[in-house]
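There are 2 protein chains.
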Amino acid sequence: MLAEGIARVRRPSHFHLDTLLPTVGWIKNAWHPSEEQLLSYSGLDAVVFMRIIIFSFKVFTIAGFIAIFILLPVNCSGNQLQNVDFINITNNTLDVFSISNVNNGSSSLWIHLGAVYFVTIAVCYLLFSEYKYISSKRIDYFCSSKPQPHQFTILVSNIPVSKDSNVGNSVENFFTQNHTATYLSHVVVHRKSKVWTVANAVKKVFRKIFSSKKKTTQQLLHDSLLDGSKVHEKKDKSREEVRAAFVSFKSRYGAAIALHMLQSNNPTQWRTEQAPEPQDVYWPFFSSTFMRRWISRLVVIVSCAFLTIIFLIPVFVVQGLTNLEQLENYFPSLKSILTMSIVSQVITGYLPNLILQMSLKIVPPAMKLLSSQQGYICNSDIERSACHKVIWFTVWNVFFANVLSASAFNLLFILLEFKDIPSKLAVYVPAQASFFIAYVVTSGWTSTSSELFRVIPFIGSLIAKPFTRNSNDVTVPSFPYHKDIPKILFFGLLGFTYFFLAPLIIPFLLVYLALAYIIYRNQFFYVYAPKYESGGKFWPIVHDSTIFSIVLMQFVAFGIFKLKKLPYATTVTIPLPVFTLLFNEYCRKRFLPIFKAYSTEALRKKDREDQNLPEMPRFLRHVSTAYQDPALVPLSYSSNHDNLREPLLVPVAEI
Amino acid sequence: MLAEGIARVRRPSHFHLDTLLPTVGWIKNAWHPSEEQLLSYSGLDAVVFMRIIIFSFKVFTIAGFIAIFILLPVNCSGNQLQNVDFINITNNTLDVFSISNVNNGSSSLWIHLGAVYFVTIAVCYLLFSEYKYISSKRIDYFCSSKPQPHQFTILVSNIPVSKDSNVGNSVENFFTQNHTATYLSHVVVHRKSKVWTVANAVKKVFRKIFSSKKKTTQQLLHDSLLDGSKVHEKKDKSREEVRAAFVSFKSRYGAAIALHMLQSNNPTQWRTEQAPEPQDVYWPFFSSTFMRRWISRLVVIVSCAFLTIIFLIPVFVVQGLTNLEQLENYFPSLKSILTMSIVSQVITGYLPNLILQMSLKIVPPAMKLLSSQQGYICNSDIERSACHKVIWFTVWNVFFANVLSASAFNLLFILLEFKDIPSKLAVYVPAQASFFIAYVVTSGWTSTSSELFRVIPFIGSLIAKPFTRNSNDVTVPSFPYHKDIPKILFFGLLGFTYFFLAPLIIPFLLVYLALAYIIYRNQFFYVYAPKYESGGKFWPIVHDSTIFSIVLMQFVAFGIFKLKKLPYATTVTIPLPVFTLLFNEYCRKRFLPIFKAYSTEALRKKDREDQNLPEMPRFLRHVSTAYQDPALVPLSYSSNHDNLREPLLVPVAEI
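These protein sequence lines are chains R and W, in that order. Under the UniProt record's numbering, the first residue of the first sequence carries the number 1, and numbering increases by one thereafter. Under the UniProt record's numbering, the first residue of the second sequence carries the number 1, and numbering increases by one thereafter.
Because the hints were derived from the structure by calculation, they are not lab data. There's no promise every hint is true.
Copies of the same chain look alike in the list, so a pair counts if it works inside one copy or between any two.
Only pairs whose alpha carbons sit at most 25 Å apart, straight line, appear in this in silico SDA-like list of lysine to any residue [stated by the list, open to error]:
(1) LYS589 <-> SER296
(2) LYS132 <-> PHE555
(3) LYS606 <-> PRO160
(4) LYS606 <-> MET291
(5) LYS606 <-> HIS260
(6) LYS132 <-> LYS163
(7) LYS250 <-> ASP607
(8) LYS146 <-> THR182
(9) LYS606 <-> SER336
(10) LYS483 <-> LYS537
(11) LYS589 <-> GLN274
(12) LYS250 <-> ALA181
(13) LYS250 <-> THR182
(14) LYS605 <-> ARG243
(15) LYS531 <-> GLN373
(16) LYS589 <-> ALA305
Take the sequences, apply the hints, and build the full model.
In structure tokens, the structure reads:
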């Protein structure tokens, strides 16, 4: 298996020619891996991610079937647009296939209403069964997991310290008094002083030296270690205690109790959070007070809103390009060039999307940067939060702003006049259908190519493996929520919105999804190394976004039926969003708690099973040291080079 | 003390003439009881309630000072209304004192802006200190409380039962397995079958016989007890198990853990709630499934919305009456009568308010009825929920609908056009000032008189005490949230809205609040018997409503400055609601958790203190039986008549 191959890549191993030879079984497995195999190689996150693609594919297969075989013929049979001169209008030819072509007040619009009802019910059913399946998988995954340090540990922050004490004593007192039976140990978090940065730089130099030289340079290593420990001693004196600590417990249940119960009479003190996996900890941000963390959160929200607003500028540029006449007004000298058919097609069709795609490339890293300042203490939370931000950013900017925009202020007033939104959407959305078809095609192409670019260096190094001295340098791409999930969800949004307005968009989406499936699942998915495991915690984001998309689709339907002068159908649409939101509320009650916390039942069961394990005492000793400040780690890292694969030490290389 | 007197009233005691004689100390104490005394007599709820009145009084003393000594002179010095003919317009004379009289664009409007800023800051400061004080009182009250059954017990519902088991076994297995160290006992809840109703009726007859006859009728009692036990046996066979149970624990902390942790892998099963005090349990509603409870909740929300909408009818009638001309159009024959000055004053000034007051009398019981169907399992929760409903009902119907209404559909469209609301409010609110002054005066009067009516029977029976055979018949009025708190909060809302628009309303409010203070605190408050103790849990409702009122005031200010053509002041108003909502958010983080749950710190401290109490084993035995199904109680009730004061048995008489 390639996944095992990667594990081997990390270990210093001797050269064997046979590792280079592909076998038939290998190819077969890579093409058709079962869900169990995927689970064991890449963890639950990968499985859930694949299920998101399959879920979208299922949904749009159903929607596509109705769209192509029922709605498209109905739309074509209308004659609302017959008075349009087809020779002059090149861009709007596709409108014949859209709902715009159906006659006003025509009873065939009821077919569209039926389609909206059918798709809503089908999607809700699929969502429900998927939520049920994933939450059961999540529980199973937990139940079959080996004891891991983060299951036994919580992060406590805002620890109150009396004048004649320190953070360590304060934690010791509080937990021995209030969690007598379960408290195990604690590690106080230290603020990285400037010395830390220096030490870290030195550490990197060591690593370079260490990996480029052979084992014969042990003496040199020894000398540098001595230097390292000196740096460490110096740092040890100067580093500052932060009022936060990782507190470990003897059982998972003990940790969960301390996590979920209000600890202090002052709710801003002794705040508890689930500890991340040791390699997932985001060390740079341990804000010391509740207020500071709260304020930085606010600042991030404001910056995020600001970024969203200034991003309207490229959106307007794109808008300007799609209206060629406006461009001709601004630059009369270009008129002769712009009238050339190929130039106008490139400018109105692909250029706007390319500009949008390029600008959108900046968004995910920007959102990740903002999220990292928001006070999260682990990379997975930062990514999840960034994922959320990117989704809402994309929905707002690419969809709403693009569809509704005239100017930023007009847009604001349109949104304040709530009752007008459905009609406005109903007018503008079909008009933009061809633009979005181009968008889907362009994105499909750019995302495929960018995936390729990301993986090429790895393949190269894999081929060159036997000839390079040090294969540790291979950077294995890791699975990023904040780029991939928003993209799929946004295409889902597009699909739902255009489903009955412009059915032609659905086949393009299906092609995109199939492409994504192939890219992520087969020669490529195995290349990803999971940096951390969230246990599929991002599924609720997918669920919520899907619900949002369906409700938006229903809103647009409401507006369209009003415009098309079918008042009774407008009334019949009203129960749909009510039903959908109630369904969402039920899912939140039924499944969401599983993604927030594991149950007493599951925790106690695991704890009881563990009691009989002979390795538990050794594991608990390991737990006590797993959350050491990374500033303390170089010594053990450098001296136990053979233990590189021990999970505890992986992060040092990556942070 | 009178409160002790009441306690004595409940005990069968011999007649002593000295209990009738008032002493000087008694009167002094009744006039100036300290907060500690109030706490020990009537519990924390009474203290918090008194603090709400004092808080409102403080706020409106500050606001009143600014309104009367700064804003009123500024308003009077304007001459915007000088072209109004004072002889013809009688009702609008008060407008000279309102902001309508200030000239457009006048720089004296900046004084109004300053006043809004000042009052916002003052109210936020008072709110913060009050929240802090009440939350610390809540913790103190808990720390000084004696062990009580509801602190050791939770209610578990939606218990899954396998085919070859029953609810009792299922509970026993689950809790011995998952809460081994802390689980004490359980009582399965039974659905009251028709037999229960019969048994209850019989019980009441017993009680009547029992209380009217002397102790010489022991033989009769014995006979009826035999009958009673027969009924009981019959019932024992026929009563149905509900999939819910009261589960008791050996420590408060044990109960809290089971309460706050997710119990099952299926979050809709093994749902836990805090057990109410035994006498507070609302037995009629133990819905068996999660879905049923959830649906009944939805139905209640819909009914509540429906009630709110149909209540627009009396509001429109009232609106019609205030527009006399309209009335003259509908009934031309009445014209001669309506032109009489006294008749028109009565009809436009007091009649509308009386009609509104009368209609509003129906609302609190109706809301309580709805809340009781919502799935709450204790009376205090039902009352708190009813309180919430009545507030929003009052705000919506009496304030918004009255101020903005023309017709129900117009109102809906006004609310949908979000950006117009401030301007609309700014136009209509000042115009309604005189109406609301009349409203405050009328309500002040009616509430005073209704309080009097409620208390008179009690005073009568107290005087007649030595001459009646059985003093158990005295009905002590109990403190109802759902009527009194919404009233005070609504007057608060009025005060904030009119504070700078029509400053004249504030003195009326102050008089009303002073009246309320005197009524509730002195000859009357001691008469209330707390039915249950929520530990001041309703304070957050007060906090939220106050924040809502301030933000509404700021909205109106925004609209007024726009109308009065002072655009810069309009801009300067915008940061105010942002600041207020941020402040609210901070308070929610800082204080709200204290009202949801007690902290580990507090619970463990109490548990440690209890360990040394010699009476704990006896108390824990008592806990196991405290939540017996009331259908089981008649036997013990009838045979231990002298133990009437034991809390466990009080509810039987009251339910």
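If any of the earlier hints don't hold here, list their numbers in rising order. Of the numbered hints given earlier, those the structure breaks are 2, 4 and 9, listed in rising order.
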